Amino acid sequence: MVEMSHTTKENCDPLRQHTAKMDHVNRSSGSKRNRFSFEQLDTNASPPLTSKQMKLETLQVSNELLRDENAQLKRSTKHLEGVQLQLHSQIKSQQQRICHLEEDVARMYRYQKKELIRTQNQYTDQFQPLQVQVEKSSISTETFSIQQLASKSVALQQALTACTQTWIETQHKVETHSVMENLILAVERNCTMEHQHRLQEERDAIHQNLCETQKDCEDFLMQQAINWQEVSYLHETEKKALNEHIRKLNSQIDAMEMERSQAINELKSKLKATNETILFHQTQWTQSNERVKALTQSLNEMKATKPKMDLAQSHNALLEKEEQLKTASAAVGHLHLENESLKRKLEDTVTQKESLQTQLTLLSKQRVEIAHTDTSHLIPSNEIARLIAEKVELEKFVGRYVHMAESKIVSNDQK
Numbered sequence: 001m002v003e004m005s006h007t008t009k010e011n012c013d014p015l016r017q018h019t020a021k022m023d024h025v026n027r028s029s030g031s032k033r034n035r036f037s038f039e040q041l042d043t044n045a046s047p048p049l050t051s052k053q054m055k056l057e058t059l060q061v062s063n064e065l066l067r068d069e070n071a072q073l074k075r076s077t078k079h080l081e082g083v084q085l086q087l088h089s090q091i092k093s094q095q096q097r098i099c100h101l102e103e104d105v106a107r108m109y110r111y112q113k114k115e116l117i118r119t120q121n122q123y124t125d126q127f128q129p130l131q132v133q134v135e136k137s138s139i140s141t142e143t144f145s146i147q148q149l150a151s152k153s154v155a156l157q158q159a160l161t162a163c164t165q166t167w168i169e170t171q172h173k174v175e176t177h178s179v180m181e182n183l184i185l186a187v188e189r190n191c192t193m194e195h196q197h198r199l200q201e202e203r204d205a206i207h208q209n210l211c212e213t214q215k216d217c218e219d220f221l222m223q224q225a226i227n228w229q230e231v232s233y234l235h236e237t238e239k240k241a242l243n244e245h246i247r248k249l250n251s252q253i254d255a256m257e258m259e260r261s262q263a264i265n266e267l268k269s270k271l272k273a274t275n276e277t278i279l280f281h282q283t284q285w286t287q288s289n290e291r292v293k294a295l296t297q298s299l300n301e302m303k304a305t306k307p308k309m310d311l312a313q314s315h316n317a318l319l320e321k322e323e324q325l326k327t328a329s330a331a332v333g334h335l336h337l338e339n340e341s342l343k344r345k346l347e348d349t350v351t352q353k354e355s356l357q358t359q360l361t362l363l364s365k366q367r368v369e370i371a372h373t374d375t376s377h378l379i380p381s382n383e384i385a386r387l388i389a390e391k392v393e394l395e396k397f398v399g400r401y402v403h404m405a406e407s408k409i410v411s412n413d414q415k
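Once you know that position 80 of the sequence shown is 80 in UniProt numbering, the rest is easy, because the numbers rise by one and skip nothing.
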């Protein structure tokens with residue numbers, strides 16, 4: 001009986017250890033599930049981000065957390081399955097041991113019953129010859145003394161009481177043993193049933209926890225799908241806005257190029273016309289200077305050869321020459337004014353060039369930003385090279401014409 005109770009305690013200890021392990025696993029899984037639910041609430045409560053990279057990073061982190069939790073749940077499920085198989089094997093061994101104990105108790109009961117019947121038969125066999133001997137005794141037996149009869153009756157009574165006492169003791173032992181065996185079996189059966197019921201409750205709790213975790217995962221995946229749709233929609237809208245902005249910038253660049261080409265053509269035509277007028281007036285001025293020189297020379301000759309010539313005619317000729325010189329000086333002043341206007345126009349072209357440079361720098365910055373946001377919408381490098389080459393040509397052209405105009409103005413001032 002002591003050995004059976006000892007084995008029962010030893011069998012109960014692993015179950016207690018298993019329950020402790022299961023409580024720890026449930027607490028850890030519950031805390032992780034709560035943490036997962038809190039993280040889900042945080043992600044749901046936070047406003048949708050506009051950055052695609054942040055969304056992708058949050059999705060990767062949530063997927064890693066889900067993978068870790070899923071792997072841990074799989075490990076706990078495998079551990080629980082192994083413990084369940086171990087407990088099933090222990091329950092089967094306990095049931096087999098209970099069957100063996102029941103068979104042993106039944107065997108002992110049958111053996112004790114047989115022993116009791118055998119002793120009873122033995123005492124009856126011993127009692128019957130004495131009873132037959134007493135019945136067969138004749139009247140001559142009355143000659144026996146009363147003392148002998150009393151001793152015989154006492155011996156018979158003692159034998160009967162001893163037989164009865166032995167039967168009672170054996171019966172009491174058998175009943176006590178059977179009661180103890182039944183009590184031990186009932187206690188072990190109740191212990192195993194309680195452990196089995198506890199394991200079933202733990203399995204139900206784990207199953208419920210797994211169902212809740214699966215539901216939370218499904219809700220989280222649905223939320224992530226919704227967030228991914230929002231991110232894709234935002235990306236598409238940003239892409240459309242960038243395409244529209246790039247189209248507007250390209251149209252502005254084309255318009256600016258057209259305006260610049262028109263301005264360059266106008267400046268070329270105006271500079272050509274001014275050069276022609278300057279050359280024409282220079283030729284007229286040189287011709288007039290040559291005429292004045294010729295007239296002065298002829299006048300000197302006339303004074304030397306004909307001192308008596310009419311001074312009135314020479315005075316009139318000189319007046320005419322002075323008028324011609326005045327007209328030439330007026331033309332030169334007009335040319336100075338045209339040169340001033342050309343300077344102002346050149347300054348305007350320089351300012352326009354600076355504004356074009358600032359616009360080009362802004363365009364380059366915008367293109368760099370567009371390149372950082374989306375590489376598929378980059379402006380080709382050949383366009384940038386073409387714009388830079390045109391800018392350099394425009395600077396060279398404006399500088400050349402500015403130099404020519406300044407040199408012409410300086411030469412006119414010297415004259």
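Derived by calculation from the structure, the hints in this document are not laboratory data. Please note that a few of the clues may not be correct.
[To be verified] Cut-off 20 Å, straight-line C-alpha distance, at most; resulting in silico cross-link-like pairs (SDA-like, lysine to any residue): (1) Lys272 - Met256; (2) Lys114 - Gln171; (3) Lys55 - Lys239; (4) Lys52 - Trp228; (5) Lys248 - Ile264; (6) Lys113 - Leu160; (7) Lys55 - Leu66; (8) Lys52 - Leu234.
[Stated by the list, open to error] Here are the in silico distance ranges between beta carbons for each label pair: (9) Leu362 - Gln72: 46 to 56 Å; (10) Gln148 - Thr124: 20 to 30 Å; (11) Glu266 - Glu301: 48 to 58 Å; (12) Arg97 - Ala162: 32 to 42 Å; (13) Ile226 - Lys92: 49 to 59 Å; (14) Gln148 - Glu102: 16 to 26 Å.
Since we're looking at a predicted model, the values are computed, not measured. Quick reminder that beta carbons are idealized off the backbone N, C-alpha and C, glycines included.
Checked hints:
1. Lys272 - Met256: violated (24 Å)
2. Lys114 - Gln171: Given pair lysine 114, glutamine 171 holds - Cα atoms ~11 Å apart, limit 20 Å.
3. Lys55 - Lys239: holds (17 Å)
4. Lys52 - Trp228: holds (9 Å)
5. Lys248 - Ile264: Not satisfied, since the Cα-Cα distance of roughly 24 Å exceeds 20 Å.
6. Lys113 - Leu160: holds (19 Å)
7. Lys55 - Leu66: Holds, because 16 Å separates the two Cα atoms, which is no more than 20 Å.
8. Lys52 - Leu234: holds (9 Å)
9. Leu362 - Gln72: 46 to 56 Å: holds (55 Å)
10. Gln148 - Thr124: 20 to 30 Å: holds (24 Å)
11. Glu266 - Glu301: 48 to 58 Å: holds (51 Å)
12. Arg97 - Ala162: 32 to 42 Å: For arginine 97 and alanine 162 the Cβ distance comes to about 39 Å; the hint holds.
13. Ile226 - Lys92: 49 to 59 Å: holds (51 Å)
14. Gln148 - Glu102: 16 to 26 Å: At 53 Å between Cβs, range violated.
In the structure shown, a violation is registered for the earlier hints numbered 1, 5 and 14, in ascending order.
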